[in-house]
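Undergrad: Chain residues, written in single-letter form:
Protein chains: 4
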Amino acid sequence: MKKVLIINTGGTFNKIYNPITGNLDIDTKGKALKSIETSWLRELEVINIIGKDSLEMTQEDRDEILKQINLSSYQHIIIVHGTDTMDQTASYLDLKKVNKKVVLTGTMIPFSINSIEATANLASAYGYIQEVHDNGVYIAMNGRFGRYQKIQKNKEKGLFELIEY
Amino acid sequence: MKKVLIINTGGTFNKIYNPITGNLDIDTKGKALKSIETSWLRELEVINIIGKDSLEMTQEDRDEILKQINLSSYQHIIIVHGTDTMDQTASYLDLKKVNKKVVLTGTMIPFSINSIEATANLASAYGYIQEVHDNGVYIAMNGRFGRYQKIQKNKEKGLFELIEY
Amino acid sequence: MKKVLIINTGGTFNKIYNPITGNLDIDTKGKALKSIETSWLRELEVINIIGKDSLEMTQEDRDEILKQINLSSYQHIIIVHGTDTMDQTASYLDLKKVNKKVVLTGTMIPFSINSIEATANLASAYGYIQEVHDNGVYIAMNGRFGRYQKIQKNKEKGLFELIEY
Amino acid sequence: MKKVLIINTGGTFNKIYNPITGNLDIDTKGKALKSIETSWLRELEVINIIGKDSLEMTQEDRDEILKQINLSSYQHIIIVHGTDTMDQTASYLDLKKVNKKVVLTGTMIPFSINSIEATANLASAYGYIQEVHDNGVYIAMNGRFGRYQKIQKNKEKGLFELIEY
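Protein chains in written order, with the numbering used here: chain H, 13 to 177; chain Z, 13 to 177; chain W, 13 to 177; chain L, 13 to 177.
If you're looking for bench data, these hints aren't it; they were derived computationally from the structure. Bear in mind that the values here come from a model prediction, so they are computed numbers and not experimental data. Keep in mind that a hint or two might mislead.
The list treats identical chains as one, so a pair stands whether inside a single copy or across any two.
[As the list claims (entries may be wrong)] The calculated SDA-like cross-link candidates involving lysine to any residue, where the alpha carbons are at most 25 Å apart (straight line), are: (1) K64 to S47; (2) K167 to N147; (3) K167 to E55; (4) K162 to Q87.
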């Protein structure tokens, strides 16, 4: 089995309802991943960074993700990321030629609202990364898996699809 | 991406509370998998057979599983199975030398009581089977993955562990 | 037992997550009350009107509520209402001297995100109204009950409190 | 507002799934009521006694309930009780002429499996007891309220009904 590091950057995965303001805020402490860990009976290694909606991610944030990937002694990295700019981060990491297996995942519906999609995406990425053969940047979303260029968000349908060429 | 058939045989995964009797009965219509399908935004191909607690599985039931595996045109098969005799079914399928990738999964807590473990186990099996290289019989449980001989139930702890030799 | 009409006007009670936009929209079909009805094993008589966040309620909306109260043949009316202007609607109905028992309720957290507070507020209003003796306008929120002037929202704490004079 | 004591005696309300044995055990620490307290934003005064399925309740257990009712300085008592012998306990307390308002409630489905019915029953009892006029023994279940003789379990339907004479 592979040692896996989860880099949790925020996004819809971590949104929680704020009853005082009525807004959905991003929890920066990784409570959603903690809940999965507890119920799944599987310890997860997580670092929580950035804590942003992916529409607000900057170049500095992407550099920080890259830095954390390179700092880690692990060869297998899952990145929990907002869905709107997941492709941009994936493309940037690919450009930087990370010499590891990197799988990005996220969710359309916050874990705190309906845990199923978020849990399934994270767990499927966790299973997928075990046996991925080549270094590179991948996406695991909505039961679709592949090189990041092939798994794209369909904004009308609200899900990620496999793009066949 | 691989076409995956899910053979749903019952077990704790499918247990639902019966308010008239106070018992946990096995739903034989696959409602738990339907819920995952709907929330995950991923169509699943499922056949529901047997519908038993795995302690009550007979040799005929295991023959039926084998028959369904061989009947399918798919090379990638996930079996949703009770945890108590998952090892026996795995061993039997291995003995019969199925020429496919077969991953068994299940759950300690019914999907209808707490959906996280069941969802994570199923989805992780779904991700894992995408890239498994060799034909054979595997188990994906509690974030552990491998040949069935290496992933065993720890009855005291109530989870599946990786056995290192 | 008393016949109770529930007038559902929207508010946080009915908010549901929209995965396409990432916003919380108000469901105007009363799905939250339908869920309570199904799980509570109690038929509820509901009319769904207005469908607004209570900050956006107009005088016309309050007139519509008053009209529905007067139109009904029932003497016991529960109003599901947003929390921000619940006091204004209550005060207006009081001014108009409704000759019925009217109990306003709502929730700080949407039923679809965490069902407990919404369910408890609605059900407690349902129990309370059974035995209220005098006509008038009441609030049932967070386990506090009384004439509307005595049950007020504490915006810092995010709950309704009993005001003692 | 009335001070209310909740005497939690066990029953389905408190059942939780035991993943090691696969059984539904009765939690004797009142975690279900704690969850309602937290989400409802309402402090509850609870004593946890007996901790049994109501089919296993003995005369000693009923004496203990009576003792706790009489010991309390409160005039308003809610008893969380299993549904199968709720009528027997109610009848016994009535026979003993408790000089208080006593409302029994419970649930057909454990709070830990689906929280809605349990929450609604408890909260409706909490609202109901606020305004009950006469001392005596009542039942609040499934949105039905009244003297205990009039609210009876229908074992075929799995709910409590109002019996009209």
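Undergrad: Work down the list of hints and note, for each, if the structure agrees.
TA: Comparing the hints with the structure gives:
In this homomeric assembly, K64 and S47 come within 25 Å of each other (Cα to Cα) only inside a single copy, at 20 Å, whereas the closest approach across copies is 29 Å. In this assembly of identical chains, the alpha carbons of K167 and N147 never lie at most 25 Å apart, being 28 Å within a copy and 37 Å across copies at closest. Taking identical chains as interchangeable, the C-alpha atoms of K167 and E55 lie at most 25 Å apart only when they sit on different chains, with a minimum of 18 Å there against 33 Å within one chain. Taking identical chains as interchangeable, the C-alpha atoms of K162 and Q87 lie at most 25 Å apart whether they share a chain (22 Å) or sit on different chains (22 Å).
Against the hints set out earlier in the document, a violation occurs for number 2 only.
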